[in-house]
Amino acid sequence: MGIFKKKVNDFPTPYTVKAAVADGGVDTRLSLLVMGLGNIMHKQVAKGIMFLAVEIMYIVFMVTNGFHCLAMLPSLGSVEQQEVWDETLQIYEYTQGDNSVLILLYGVATVMLTLLMVWIWCGTVKSGYKAKCLEKEGKHVNTFMEDVKTLGHENVHRLLMTPSLTFIFGLTVLPLIFMICMAFTNYSKIGNHLVLFDWVGLDNFKALFDSSSILGSTFWSVLVWTLVWAFFATFTNYIFGMILAIVINRDGTKAKGFWRFCFVLSCAVPSFVSLLIMRTMLQPNGAVNVLLRNMGWIAADSALPFFTDPLWAKVTVIVINIWVGVPYTLLQLTGVLQNIPTELYEAARVDGANALQIFSKITLPYMLFVTTPYLIATFTGNVNNFNIIYLLSGGDPVVDLSSTAGSTDLLVTWLYKLTIDKQYYNIGAVIGILTFIILAVGALVTYRNSKSYKDEEGF
Amino acid sequence: MAVKKERSAKRVRIVNNTIVHISLAILAVIWVFPIAWVVLTSFRAEKGSYVSTFLPQSYTLDNYARLFTDTTILNFPKMFANTLFIAICSCLLSTFYVLAVSYCLSRLRFKMRKPYMNMAMVLGLFPGFMSMVAVYFILKALGLSEGGLIRLALVLCYSGGAGLGFQIAKGFFDTIPLAIDEAALIDGCTRWQIFYKITLPLSKPVIVYTVLTAFIGPWVDFIFAKVICRANADYYTVAIGLWRMLEKEYIDSWYTCFAAGAVLISIPIAALFLFMQRYYVNGMAGAVKG
Chain A
0 MGIFKKKVND FPTPYTVKAA VADGGVDTRL SLLVMGLGNI MHKQVAKGIM FLAVEIMYIV
60 FMVTNGFHCL AMLPSLGSVE QQEVWDETLQ IYEYTQGDNS VLILLYGVAT VMLTLLMVWI
120 WCGTVKSGYK AKCLEKEGKH VNTFMEDVKT LGHENVHRLL MTPSLTFIFG LTVLPLIFMI
180 CMAFTNYSKI GNHLVLFDWV GLDNFKALFD SSSILGSTFW SVLVWTLVWA FFATFTNYIF
240 GMILAIVINR DGTKAKGFWR FCFVLSCAVP SFVSLLIMRT MLQPNGAVNV LLRNMGWIAA
300 DSALPFFTDP LWAKVTVIVI NIWVGVPYTL LQLTGVLQNI PTELYEAARV DGANALQIFS
360 KITLPYMLFV TTPYLIATFT GNVNNFNIIY LLSGGDPVVD LSSTAGSTDL LVTWLYKLTI
420 DKQYYNIGAV IGILTFIILA VGALVTYRNS KSYKDEEGF
Chain B
0 MAVKKERSAK RVRIVNNTIV HISLAILAVI WVFPIAWVVL TSFRAEKGSY VSTFLPQSYT
60 LDNYARLFTD TTILNFPKMF ANTLFIAICS CLLSTFYVLA VSYCLSRLRF KMRKPYMNMA
120 MVLGLFPGFM SMVAVYFILK ALGLSEGGLI RLALVLCYSG GAGLGFQIAK GFFDTIPLAI
180 DEAALIDGCT RWQIFYKITL PLSKPVIVYT VLTAFIGPWV DFIFAKVICR ANADYYTVAI
240 GLWRMLEKEY IDSWYTCFAA GAVLISIPIA ALFLFMQRYY VNGMAGAVKG
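First to last, the sequence lines map onto chains A and B. The first sequence: position 342 = 341 (numbering that gives the first Met the number 0), numbered continuously. The second sequence: position 274 = 273 (numbering that gives the first Met the number 0), numbered continuously.
The shape of chain B in the complex, shown without the other chains (with noise of 0.2 Å):
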């Protein structure tokens, strides 16, 4: 009796691994589908955007070749060294500001900290682009609006609200048991040379974390770079170019051009979250304890 029960239980268990196999297989085909769809499409020899066969008839290296080749409509090159330039510039600032403040709320104690905290969560409430167009005013107020300041515009509109973004970074200086900071302070040393001695180096992970978000927001963003470029074609980021080659005057000639850009900004990307990947899971499980 007992046998057969357990050679049950066991069968029950081979019959639902097998369902949960099969499940997750299909499921991984479906995710993983619009990807493999696009990849294939910036291989694909024909032009058009609609073509009546699903997969490609023949292959070519052409789309990507023209990207960097064909700089009369869309300057590819151009928008790519622009959206590299102001990714790197603004996650350079961004990064201070968010390791500053988040050491700053997590460590000290001080008469503005739960008043900032209750305001970066009051601020975190307002639509983002609702102040779009006054910081687009403002910028032009600065005279930053036109020619190559827009490109500093960006940066500033990028790092701008990065001290509001602490919760993360706060989350895991939370973990850094104080004891340290005590020890350090008995020592000698000042606070500042704490945060720069002690806190950073013991903070790899979600420095990483935040360097790499704060260089992936202006590299992906839309609407932002959208509204300050206006038609300055000049300053167009990477985001900009591929969304002008779906609209209709250039989406016949230029969509299997917009497929292998995809793939190209996406290649970065996909090889940085790769890296990311641990980070992120124990940034994210940091973030919730605090």
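Chain A on its own, in the form it takes in the complex (with noise of 0.2 Å):
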């Protein structure tokens, strides 16, 4: 399967915390407890005070707020907001109650931020056994502007890689997890728990398995809708764009650069434009029905139901999905296939093959090699799409009144709705997290077994 493959060391050092620990003296040892001691005593002065100094930082922050936001945790806090009587003011003062969103995020962050400190302690440890070491041996230990400067050379990654890395940590993960958090949690309008709420554990799971509630029901034909519109949206797409790509580059037609213009123009107006403008285009009284009006082929008073019929919906978000998206595929094709080989095709021809032959024995395996990760990526990208499902349909039309999910919503556009409009977090969340587990699972099996990630030094 390729999978599970046995984990090798590429980057084998002798500067281990094991390694500290068995035979790294006195000092080394001291050094566990009190960072930096270890580089401190073999001429890193610079370098040791900076780990106390992170050391000292974090027990303040632990100590004035940390354990406290821990301690919260388990419990999400439970005292209410109140009203109290000043006697002396004569009005009525609010309590601070507590607000268990912000108890859930600070608590995470303390999480994230312990495991970070986890991290940092044992790049400490092995930083002074390492200096310790080199000492012992007679060899060179760094100074600090020599550290310094080693960030210019073998440790550019860190300096070139620490902001990006401590935003992705900041902005996206600690959101995901939050998030994730919620999940478990009974963070919604349903039962006003809007700002006190408990741990719930699976019960949200479970209601959204339920398929004899709404929410069950609903899931259900969700997902498969969110299946099935990502299986045509992206080959639909595919083949299309294959199709036209092909016709523009082949040798007959003329003006390539033209046609090619044509469809790329259509890129050019940002999608939620096009999309707009696609909206109010096929609304009941929108310029393609009063065209139609106008030409005899429908009746005065009478409209084609794009979005207010279920299956007419559904096959009117495909089918404008290809008037979106076929330009980039075209674009994206156009460069796989002037790079495939002439010699292929010449021998192909010498050799007196149809044009049929040629496609399916040349230039589609070709591409689909080529465009295999391309291809996981649009699907994960289509089971994702929010955009043309939010601006194009917003979900409608809605047929069933008492779930909360049009019949074109998506995974993703449903659980905006149920995040941002009816505040239903929990089992938004749940929600994105099924939706990440079906896409993981997909796309991890393909994608490790695809030739780009196995031979990804061969290139």
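No lab work stands behind these hints: they were computed from the structure. Just so we're clear, the structure is a prediction, and the values are computed from it rather than from any experiment. Heads up, a few of these hints could be off.
Claimed, not checked - Heads up, simulated DSBU-like pairs for lysine-lysine below, C-alpha to C-alpha not over 35 Å straight-line: (1) B:9 to A:360; (2) B:9 to A:255; (3) B:46 to B:9; (4) B:247 to A:416; (5) B:225 to A:313; (6) A:125 to B:9; (7) A:205 to B:77; (8) B:225 to B:139; (9) A:421 to B:247; (10) A:421 to B:225; (11) B:113 to A:17; (12) B:113 to B:139; (13) A:313 to B:247; (14) B:9 to A:253; (15) A:188 to B:139; (16) A:416 to B:225; (17) A:188 to B:225; (18) B:46 to A:313; (19) B:9 to A:416; (20) A:421 to B:139; (21) B:110 to A:17.
Claimed, not checked - Covered stretches of chain B, as calculated for chain A (at least 3 residues, CB under 8 Å): (22) 70-83; (23) 132-146; (24) 154-163; (25) 237-247.
Using N, Cα and C, we set each Cβ at its ideal position, and we do this for glycine too.
Hey, can you piece these two chains together into the complex? The hints should help.
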């Protein structure tokens, strides 16, 4: 399968935490408690003091805020906001109650900070042990300035990756963990849990998988439609784009640049604009229906039910996605097509292959080989394709008034409706997790088995 | 016999070519049609959203003029300035992130490399705005959710995840021969010098591509801006403004202005896109290869 490969350490080092504890001596073992001590005792004073400062900062933070945040995490707070009559001022005063959202957020942040601290701690122990070993062996121990200089060379990846990693952890990873936690709480408008909420374990998952409830049946129908949509959206675009690219690229076609320009023109309009335009054009009194009426193809007072009939709506979004997506596919596949070695075609022609054979034996296998990662990316992109549904149909038409999703709602737009419109944060988070699981299983298996992952170094 | 065969082959080719060109023409009309319609609507003199004729009866420039003069309800010039500011700032930040991260992943071998790439792939599988509510809470906790700091908050949102979108630039860097780096190393260059003195000057196409996509991203984003700005109309971006023009209470009076606005914000993007087209094809081909 190739998913479970034996782990090989490509970067072996003798300076590990284990080795430091085993034969580091008193000073290294002491620096397990006082970070940076090992460095300070072995000529790396500035570095050691920096480590020590980090440790002190962490302890101060934990004492002032951190322990409180962690202690509140299991209960998520229970003090309600209360009105107290103030006799002297003759007014009601509100006492500060607990806010579970903030408790959860700060709690998760503290946990992440603690993990980061553990990582830094391992680093300091290793660094102290390394300094000690080098000194014992009589080798050169880097001074602080020399350490800073390594940031320009051996350690340039630290310099270049740190800012971006900080942002990713703060604005992508932390929010995601926070949202995942929400899936196990009852944070929602139901039962008025918007300020104070509790852990409920897997109850939300149970509610969603219970197909006899409204939520459950909505989930299954939305899931099926999401997969159908992603499949059709990906492959209609791919096939149509490929046909178009081949047709424009073939020898007999004149004015290749002009045709490409016509299609690419629609990329130039931002997608939210063109989708909003499409939406207004397809309304019952929109431009398309007016045009059809003027031409006498439909009766003067009737209209085609683009977004009012569930089946029509589904077909409409898929067709419009072709309009939106094909130019991009065309651009990308044109590049790939032009990369196919022409000798292959010449050899095939000499052997007497016809156009269809050339396509099925050379063009298609080559394209599939090169574009498999792209296809996977497009498929996941389409499962998560929020814009097209939200701006085009908004999930309409709503057939079942008791359900929270319309008939063109994808999992993501449903997630949006549940969190932003309805404030069912917990159910929204569960749907996010399930979307992720569906995508991850599919993508991981295909991606790790694809050649571009295995042969990455072979390029 | 041979002559006849050749002639019939020629006729087949002519017929094929005609069919191809006619179908291409039909498709091209379908693709250009909605755009042409918006341009026409933006010059339409009749008011209202729905009219009974397809083509406008009379033409005017008032729609464009109104966008810039009528600032009482929807302040288009201000939105435009907001968007420009946000786009430029986040463009600079995210370009740096993307280039730095892709250089490291392409050229250097370090312990966190594979874990980082796997993490990027896993994070990419989560629905993008699943974290949006949480991001909002975080920005609020940092005090960035009110007043002029909303702009900063949006810049942070747009550039925050940029380091995860390294695939295309990395694919490009992979194609630059390693021998150049090795020669520079022998000459005594540090890795950092190689990055900005050799790799960057050699990567103009992918830099252009990165800058432009990083600029267009915030320019056309709608969802994040809507969640972060909420009711603060002073900090709306163009995307929210245009979307609001189609809301029920505004659509009748603002519909033609919406079309005008759509044309206006499409022009710079169209220009950038045409300029970028060749880089786009090259960049993508590189990415697929890598």
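| Coverage claim, chain A over the stretch 70-83 of chain B, checked by counting residues with Cβ within 8 Å (three needed) | Our answer is that it is violated, as 0 residues pass the Cβ test (under 8 Å) against chain A, missing three.
| Hey, residue 421 of chain A versus residue 247 of chain B, does the alpha-carbon distance stay inside 35 Å? | Satisfied, since the Cα-Cα distance of roughly 21 Å is no more than 35 Å.
| field | Given hint residue 313 of chain A paired with residue 46 of chain B - CA-CA distance at most 35 Å | value | Since the Cα atoms of residue 46 of chain B and residue 313 of chain A sit roughly 32 Å apart, the hinted pair holds (cutoff 35 Å).
| message | Between the alpha carbons of residue 188 of chain A and residue 139 of chain B, is the straight-line distance 35 Å or under? | response | holds (21 Å)
| Pair hint residue 46 of chain B and residue 9 of chain B, alpha-carbon separation not exceeding 35 Å | The hint is violated at about 55 Å.
| query | Do three or more residues of the stretch 132-146 of chain B come closer than 8 Å to chain A, measuring C-beta to C-beta? | reply | Per the Cβ count (6), the hint holds.
| task | Sort out whether residue 9 of chain B lies within 35 Å of residue 125 of chain A, counting only the CA atoms. | result | violated (77 Å)
| query | Quick one, are residue 247 of chain B and residue 416 of chain A close enough, alpha carbons at most 35 Å? | reply | Holds - the C-alpha atoms of residue 416 of chain A and residue 247 of chain B are around 19 Å apart, at most 35 Å.
| With a cut-off of 8 Å between beta carbons, are at least three residues of the stretch 237-247 of chain B near chain A? | holds (count 4)
| said: So is the stretch 154-163 of chain B in contact with chain A by the C-beta rule, three or more residues under 8 Å, or is the coverage claim wrong? | reply: Check passed, 8 qualifying residues.
| Is the hinted pair residue 110 of chain B and residue 17 of chain A satisfied, with a Cα-Cα distance of at most 35 Å? | holds (18 Å)
| query | Does residue 416 of chain A pair with residue 225 of chain B here, judged by a C-alpha cut-off of 35 Å? | reply | Roughly 14 Å separates the two Cα atoms, so the pair holds.
In summary, the numbered hints that this structure violates are 3, 6, 7, 19, 22.
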